[in-house]
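As numbered in mature numbering (1 follows the signal peptide of the UniProt record, and there is no 0), residues -21 to -1, 1 to 326 make up the sequence shown, in order.
Treat each hint with caution, since some may be false.
Unchecked claim - Here are the computed lysine-lysine pairs in the DSS-like style, where the Cα-Cα straight-line distance is at most 27 Å:
(1) K203 with K269
(2) K185 with K110
(3) K169 with K185
(4) K203 with K110
(5) K293 with K185
Because the hints were derived from the structure by calculation, they are not lab data.
The model shown is predicted, which means the values in this text are computed figures rather than measured ones.
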Amino acid sequence: MIRTPILAGVFTALFSAPCGAAAQTDAQAVRVSDATGPAQPAAGIVNLDPLTVSGPQPGPGLWRVSRGEHDLWILGALSPLPEGITWNADSVVDLVGQSQEVLWGPRFVVDADVGFFRKLSLGYGMLKAEKNPDGATLEDVLSPELYARWAAAKQRYLPRDRGIERKRPMVAAREVFLAAIGEADLGFPKIISPPIRAVTQADGIKETTPKVSVKIEDPAGAIKDVRRMSLNDSACLEATLDAIDRLLPRMITNANAWATGDLAQIRFDQLDRRNNTCADVFSNAEFSRKWGIPDIRASTRDEWLRAAEASLAKNTTTFAVLPLEDLVAPDGYVARLRALGYEIDAP
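Work out the full structure, taking the sequences as your base and the hints as a guide.
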């Protein structure tokens, strides 16, 4: 068995649960604090001050979920974060060492039975599936207004990437977003899992990653479907450009606040719009219905809750890591656990 995403690393919104994707709509603006934040800057590419946070930082407090003598401690992870920080994880390391199980965030996995040479041919198909059907360019598939915005963003963040003009809007959105947050000194430093896994491996503590798995019997056929499909993914690119134009300062504020443990300063507002919009390109498409792809966010959340309840029932102490925005959303994990009758202590 080879476990392979059909469009590995490209359409991650389809085949995995994004670490930063919240499960609420844009109308349900999520706040860790109800305090009114600063007004958003006007539309247009903004110049950003450098990040002020670097070096060792305490990170955020933990949520405690309890029933009787059984506790589940949850760390809310955030991305992107400042590239230059390190995390002082001493208190978390101590708590993990007292736990019987570590529960990671849920994953969505596509299984495909393929041989070695067939896997190589699928890789070629994946590369071609990144491109617009019939050799179209972004200028061909985007409205004139949206293409003008894209061209300005590309000139700033991806000036040397000529090939991206033939990529799907969804792929272009991902590349320009990564380039923009990189210019803002934000990224995805691996600071959370290494100290936790050092303890679990040293002490033999069980690790659990809840998974929703879908098996596709004809991966080559699925790739052909993606290559021929005309997706309405211009909305994904538009939402991404909106995030870059207006919300990078909020991302920086959130990243600094997470690093320093100041959760009251973190607000998500419309930051989840990009994740939801891009995920919905495939989640609501004919492709998902044909190949049996369920609602990814709903199915993975339900699977994690089942695993969390099982852990709470059998363990005295369980430690978990979840995306912060999924944790605090109005219909997120904390709200769902509270509705199930668990006692919740927020940090």
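Structure-based check of each hint:
1. K203 with K269: holds (13 Å)
2. K185 with K110: With a Cα-Cα distance of about 42 Å, the restraint between K185 and K110 is violated, given a limit of 27 Å.
3. K169 with K185: Answer holds: K169 to K185 is near 21 Å, not above 27 Å.
4. K203 with K110: holds (12 Å)
5. K293 with K185: Holds. K293 to K185 sits at ~13 Å (cutoff 27 Å).
In this structure, the one hint that does not hold is number 2.
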